[in-house]
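Asker: Here is what each chain is made of, one letter per residue.
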Amino acid sequence: MSDNAPNTTHTIQLTLKPGQHDGDGQRVAEAAARHLGLKTGRVRSAALYTVRYPLSETQLHEFATRCLADPVLHDVRLNELTAAEGFAAYILVARRPGVTDDEGTSAQNALADILNEPLDIHTQHIFSKRLYLLENDLPAEDLRRIAEELLGNKLINWLEVGRVADGIRDYTPRPGGGAEAITEIIKLTDRSDAELVQLSKDNIYALSLEEMRAVRDYFAAAETQAERKAAGLPAAPTDCELEIIAQTWSEHCKHKEFSALINYKDLETGEEKQVDSLFKTYIKNATSEVDRQLRANGNDWLIKVFSDNAGAVRINPDSLFVWKVETHNSPSAIDPYGGAITGILGNNRDPLATGIGGAQLLFNTNVLCFGNPEYDGPLLTGQLHPRRILEGVRKGIEDGGNKSGVPTVNGAIVFDDRYAGKPLVYCGTGAVMPMQFAGKDSWEKIIDAGDRIIMAGGRVGKDGIHGATFSSIELDETAPATAVQIGSPITQKLAMDFLMLASRRGLLKCSTDNGAGGLSSSVGELAGISGGAVVELERVPLKYPGLRPWEIFVSESQERFTLVVEPGKMTELLALGQEMEVELTDIGHFTADGFLDVRFDGAPVARLNMDFLHEGVPRKILEAEWTKPAAAEPEIPATADYTATLGQLLGSLNICSRESIIRQYDHEVKGRTIVKPLMGATGQAPQDAAVVRFNFESWEGVAVSNGILPRYGDLDAYDMSAGSFDEAVRQIIAVGGKLPNLTPGDGIFWSVNDNFCVPDSVYDPTTNPDGKQKLAKLVRMCEALRDATAAYCIPLTSGKDSMKNDFKADGVKISVPPTVLYSMTAKMEDVRRAITSDFKQADDVVYLLGETHDELGGSEFYALHGQLGANVPKVDFEKAKALYTLVGQANDQNLIQSCHDLSDGGLAVALAECTFGYNCGASIDLPETGLALPTQLFSESHSRFLATVAPEDVVAFEQLLGRRATRLGIVTKEVRLVVRHGGREVISADTDVLRSLWTNGPVNKLLGVVSKENLSHSNSL
Amino acid sequence: MVQEATQAAHKVQSEAQTQVSAPTGTVRALILTGFGINCEEEFAAAYRMAGAEPTIVHLNQVLHGQVSIHDFDTLNFPGGFSFGDDLGSGVVLANKLRYRQTGAGGRTLLDDIKQFIADGKFVLGICNGFQVLVKLGLLPNLSGEVTPEVTLTHNASGRYEDRWVTLRVNPKASTPFLKGIDTLEVPVRHGEGRLVIPDAAIQQRIEAGGLNCLSYLDANGDGTNVYPFNPNGAALNCAGLTDPTGQVFGLMPHPEAFLSAYNHPDWARRRRQNPTASEEGEGLRIFKNIVEHIAHSRTAAVAAAELATQR
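Sequence order for the protein chains is A and B.
When we follow this note's numbering, the leftmost residue of the first sequence carries the number 1, and every step to the right adds one.
When we follow this note's numbering, the leftmost residue of the second sequence carries the number 1, and every step to the right adds one.
Here chain B stands alone, though its shape is the one from the complex (with noise of 0.2 Å):
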């Protein structure tokens, strides 16, 4: 039966808020679509298929007022291409996240994200969202201020590719996202996904960190920064990025596009080698990694609380 995504999809103002009443225990996705992005249906599939219950909500939507991001339990900034990219990707959707006033007293969404995340909730970007997090300073995010601290440019190639790649997971990451993953391969499809650091300090706060939690691979599995391995010539030949937290956490690679084993362009080759593997992608991982943990510490929580009440 085919889905209707788009009518799931897109909720009005009151069905998003009937969204708040949903059974207690039930992660709640909140993925941004409109002016462009386009990769917010897989992003959808995968809180699904992890068990969360995910909503897609046009941008405009929450920055006028009639969605809350408050409602959720994270907040998505899906892959495509923001108003056309035209003036660097991510860069006119984090303006206007920026700067748009949403609220009485100069409130802007930006203010609303810096609160989500005080309130210890997360934040995912893919690709283009990725940029958008990245171009607003939400990532890395060293100093707290939340302004641009590096930025992602041009591919050293001067194209834009879709290849799979490999990634290993840094051991120092310290994010929920990426709990128990070595490695993981997922396609990229990116023109502008080459990190650049401008200085050394910087460089150091994020390796000292681990923010730099994902990696281009070679086959002999390590770090590369050699073509087509490292599609972009990324610094640190990395691939994503945390913030302290480890809340906030974006990567040009496309975990969604993985959901499904059937997606790797080696499928057919790998079924016949091992007929009863796991139907699921790799990239599910992430997700069912984010939604597990929001559910534990739910449960946790409650469990502290009962716990506090009956003493």
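Only chain A is shown next, with the shape it has when bound in the complex (with noise of 0.2 Å):
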């Protein structure tokens, strides 16, 4: 082909010249060797472009050699596919049709600049993918598991693999094709019940019969009839209408099992009553109580709770905290990097999408459920190994938070084998939002009619089609390839750059995000506060043709606001997206006619009427029966010396150092974070939870924890939710946090969110025998949670449910424990008081506050030796208050000098963390309490500290904690952790050889990160 005639397909590999460091390549041979087995030989990797823009020579080797290598590491291979000497087989990974290609769009920008012409980048024309050599020769089936375990997930990634020698399979995705702008109609009224069920199942609308039913009779009604006639719309529904219904009427949206009536009894007591929606109940009722009390005191601190896509407190006269955290388990279950990168940057759009919309986002954080990584058992079909889930969620967060500039400051993991299924991923995000944009409140969402319905940021695919639904479904081998996202960071940043300028320029009136259930959700809301809306799907852009018009409006499409602009402020609005590269399409209009109106070049796709789409979901009524499970308390035989049981239990799966996992996440973005989740010399003490502060100009900030213990719901789900609870105050009041409404008008904000996930809890004599059971567990979380708030004085602001998180495949059910995570902020006057968990000075002195019981029920100790045990630890709220106001008064005075919350592994555990900080040690004498020495060094009873008071304040600080707080010993010099009882040591121990331990821990080595010594990871000593 000669230069003047372009070539409209290009291939372009980069290889790494001889001599550099080919990093990837070396992973994927390590990894292949430890986790299948496999001799792979050298691995080199490439990275290969196919470019579908017409090119002359010239311009192709420009752009390559220019744009795409970097001149000092890689050399340029055009438009030929073939391997260096040497290596016998290859692994081509390319993207399937309509994934999100960042990096090719990245190449798309390049090309633009390079030739300085304005190029269509808003669709695909250059296609990134990665190339592997391997030295070895071998066969396809083992290049295979290398392609789908290491390198691809088969839902969302093409993989070829072969022999160099038979030539190197190229793979270009051309997304589209099929129908265009078809809408069908879908008899109804023919259909029998068990036709209707099969038609909710084939389309994924997860709808039970009894609602499949209402949208029939709906349908039906003569006014109904009527008004279809009058608009032109066939009798019969359309397909987009019923999609509609589906999304709406989801479980993901509608929490209709949170809603329903549920007919308790517990079968120990006899006693029997009807909740009448535990929303309602416990929930809502219980946060206006609250509201209630803190207003009586002067608190009016509480602004907007449950009616937006967070909850906003005030921080002062200025400015607002907006605060959400969610779930994205399923779609983590099966593409856990997409998952988990599309719930974090999802979860970002809940506060910037509040109010108005514009809040400048503060922090995230995340709370992490997996199987055990080091499972080593066979896998069901479509499950993936819990390895895998941890690696990519890992992945995704990272990639969520480091790449939108937001500090992930801190998290959890918990691992238990029942979350090898379904795994839970909670993303949570706090923001700062100003109490005014341009003169209007700025948490209020006012739409009047007339207003334009404004899409902005990505484009709509196929991708994310029925996510809303799927999440609403136990997850089985069947999942749709179109339920995955993958998230564009980028896209998303440049859409919040733009909404944060825009709302303060006053040209939005309100905005929500496109989540689960796309436009269909986003306007379907906003329409029910004007009372209708038009929406003219083909104005809507898309990555590729061939959707379907219903295609377009349920698409879950990542990365997309709905904003709502008053007519007049259309063109500033629309010049601004220009300037900053922020696509804007205007799909619409509001109306007051009570309709949602949506069309397709003029043509009627659906018509539903308002009412019926948001209260025409029929009530569950569910039947839920308490029992308490059957336990015992074991028999662990005594021994004198509990070094080793210490050692033990620092070094396992739920106590060891995340280190690996934390330092991958940037924790401090934005140069605000005082207190991140590993501090010290060392930088591997743990803490309690996060302190952030606001700006630059105050010290005021706010601290953040997370409160999560789903074992302990094996013995009693109450006490599970009411300790998670309390594990979030103690560790907000650990860091120096107080607990609010103590004094009239203080201003303390407390917001709030919970998170229950839960496994299927409908009764079905079949398919759930036990839902009975897991449904009454489900009551008693709630009833706990309302019991703790009430104690406190501590408000819910958002939360969220998921209730079917069960995978089933091969005939085997792997559900999880129900499990519920509270996650806390609270205000902090002044950030400089913050109090970290690390002990600071020898000669300080050690104190253990609150009371120990014997519970040893649920904890890692019984744990280690195979028992569940009995005695779950329970709170006493009263006392818990009284201990957390103390503290709180102690801090006044500053007292204390660290603080540490008592967690899993009980007391041993948290004297060696708060070791870790700096080389020192501590020198323990333990009282005689009644109680066996391994309850008192291993129990996990609630609310309570180990706190160190300098010796000066020794006096001061036994006055007032008075019997609260026992006297334990000092902090040493020497690096040795001795504890004795009765006079003798029962723990004796260097306390960097239990510091080596924890951070040589399971979860470091797996991640392949290990120090080598036991040295610091720091050298700020």
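Please keep in mind that the hints were generated in silico from the structure rather than gathered at the bench.
As the structure is a computational prediction, the values presented were derived from the model and not from experiment.
Chain B stretches covered by chain A per the calculated footprint, using a threshold of three residues with CB under 8 Å from any CB of chain A:
hint, stretch
1, 41-50
2, 87-97
Quick partial rundown of chain B residues pointing at chain A, CB under 7 Å, derived from the structure:
hint, residue
3, Y160
4, A257
5, A268
Cβ coordinates follow ideal geometry from the N, Cα and C atoms, glycine included.
Starting from the two chains in their separate frames, assemble the complex, guided by the hints.
Answerer: This is the structure we're talking about:
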């Protein structure tokens, strides 16, 4: 081909120059050997780009060598797919059609710059791929294992493998195709019950028979028929209408089980009661009561609860703190990376699009529940190995947070085999919003008829169709590929920057995010405010052609916001969008006629009565029955020395260091993180709660904590929920936070999100025979939540429930244990007064605060012996509140030098962890309390702290805390932890050895990050 | 009071131009943002605390000619993930500065930056911003041709990491940014910070000029290639570079993330030991240095001019 006749498809291959370190290739070789037992020999990686722009040979060469290749690192090959000498096999990793390709898009940007031409960069013309060359001539099935288990995911990647000698097969996606603009009519009237159920299943509506009947009856009603005739719609529903109803009525969006009428029986006491909506009874009403108490005491900081994308509380007269935590479990089960990154980016969009929109994101948190990553048994069809899920989710959170410039300030990981089917991925985001934008109250969502509907951000493709309905059913081996989405943090960052500026210039009336259910949900919900909307779907920009109208409307393609804009502000808004390179599209307007009206090229696609859409879902009636699980305390032989036990606990999966994961998250971008996950001179002292200041001008900030204790739920779901709540509260108290409402008008806000993740709890005699017991557990969890909020006067501001966390394949069902996460935030008046967990100075006096009970049930100590026990830790809210109040007073007087809450592993583990901050030790004498030694050391009784006090403050501290503080000993210069009981040493170990056991635990080992010596990872000693 | 950084930050054209008439003597810092840059706010805070007047501007406002870099004293490239870093850190942004034509006659922003430096002004790049300066060839720029001479690539560990390191200033370095600083503690937060120098000749010239201005230290205070003290395996244990003029300076670690003493992981113990120590973070020194240098040179110039008129 001559230079003058540009070719339209090109391939650019970048290989590392000889001598350059090929980290990617080396990792593949190591992982293949370690996880799959395959010997690959040397592995060399290369980047491939397929370019579908017409370019001359010269342009192609310039583009490849100047834009894509690094002159120091890379050799370039153009339009040839060959391997270097000495490599026998290859694996090519491409993307399937329509999967987000940020790298390709970046290359398109670069091409536009070097050509100085405006190119279409919104649709994909450059496709990025990776090519791996393997030295050893492995058989195709081994190559495929490496490809599928280490390099890609069949649902999103196209994988080619083979022998180099047979030629390297390339693959470039061609998305699109299929029918366009077709709207089908689906008759319901002549279908039997069985056929209705089948239709719901076939089309992933996830609607029950009763719900399908309600839909059928709505369309059959004479009034509906008359309206439809007048509006030019067919008598029977369209595919789009059924999809809209399915999204809107999905468990994910409608929380039908939390709103259900529940008949609850306690089989032990014989008590029977009816719960009229868990949400209303235990969450909403409880918060209303808390708000009443707060306001009565001059604390009127609770601004917006449950009614928007995130909850909002007032920081000071000028600004609001916005807080939201959500889960993204089902997507993370089938595509861990994509599921987690869309989880974090999606959750970011909630505070961003609260009220008018445009809050400034302050931090992220994440709490993850996984199966045992060291599991070596067989996997079910479609089940991913827990290690892969962990690694994928971790990477998703890394990219989602780091690339958005939002620090990941804290988190937790819980391991339990029952999360091996569906992991739990909780993502939290805190943000700050001014009280007013351009003179309007920022938290309000006001919409009037005539306001324009603007879609902002990414384009629409087939990705993520049916996410909302898919997550509302149990997961099985037939998970649809379209339910997967890949996030594009860069697209969202641009949209976020735009939103912040647009809101501050007064260009937005309000906004919401496009998450589950896509436009169908976002426009559907907003239309509820004005009373209707008209959407013109042909205007929606697509990633590629070939989407049907209903697909456009329900697609969950990521990084999109729906903006509400007054017509007069459109010109200025569009100009700003163009300046900041954010695509904005006017797709319709709001009305007040009571209908959601969707059209394509003027032809009606859907027209639904808003009342029916939002209120028409039939109410569920569910059965719950509680029987206390049979449990007994085990006999564990006593020993004289518990040093080895402490070492085992420090190295156990649920206690060991997560440093390798924590350090791959940026926890200090924005420069405002004051208490990070790991602190101290060593950078290895684990902390209880994060502390972040709001800005550089004041010392006001927020403390952030997480409470989650699923294994206690095996003994009593009430105590599990109460304990989780207390855990999150005491973590904030430990870092120097104060309970709310202790003094009139003190303005110390608390904002809590509850996130319930439970297995299918709807009784069915064949498919879910223990459903009543599961639902009873949920009821008890909610009861504890109500009691806790009342006791501490701490309000819930937002939350979420995920009801179908089961994985079913090959006739086996793996269900998560009923789990609740309480994500707490509380105002810190002065972050400089924050308290960290690590011991600070020799001769400081060590105290145990709070009461220890014979409560080893569900403890890590029992788990070490393969036991569950019976005596689950219980919270005494009254005593806890009294202690927390006193700790706050002690902090007011600067009496506490370090404070660590007691949790997994009890006192012994806390003592060890407190020595990890710098080279010190402790000399401890346990008192005679009547409790057995292992109980004193390892009981996980709630509401306790390990605190140190400077010698000169001991008198004042003991006077203040009285009998609530038990003096245990002192911090020592000598780097040994010595614990004595009854005059004899029961633990004696070098603290750097203990730290080494903790840092070289299974999590850091799994990620290949093991410190060779027990050295500090920082040199600031 | 929560300061509306974004509002204060993004200046529209007219506002940005009024900056020009700021009181004489005020040092003006232009901080670029947009397209995935994400450390602009703490960068601006650093300049503000150092007594300068920072202005955050979207890169497109500069590319489209609404804001001129020549109205400012320093040009700053913050950290982040410009264009997602998908083609290698900083590559797409560098490419845009080099090739995107901003004015008549094929003028690019790089042409303006060259002029800016020739005028004796200062350029600072941190993390992703440093990567941009290296990929552009503004660092180390031994040849003066602004072509890439070295590169920054994936850490030897293969991982992104956030951890604190200790740096030593090369006594041979001659840049006002580092004046009077011996060692410095700062966090690194990157996945592609390993400096690769393609040949011995370039390395020799970098060393001879003292352009490798910052090196990673171990616990004994020696330069080190041992992980994690040297977090990425950089050649020459090098954490930062200047050009031969000392006016262009870039580094992988984040001094703008250590503006307050309370950013340090061990702040609580340190303040216990020394309760009256300054509440300022060590990272602020770099910004104070450059602001003082510019203000001082300006006063000196004014004094010289006055002296000249008096004669």
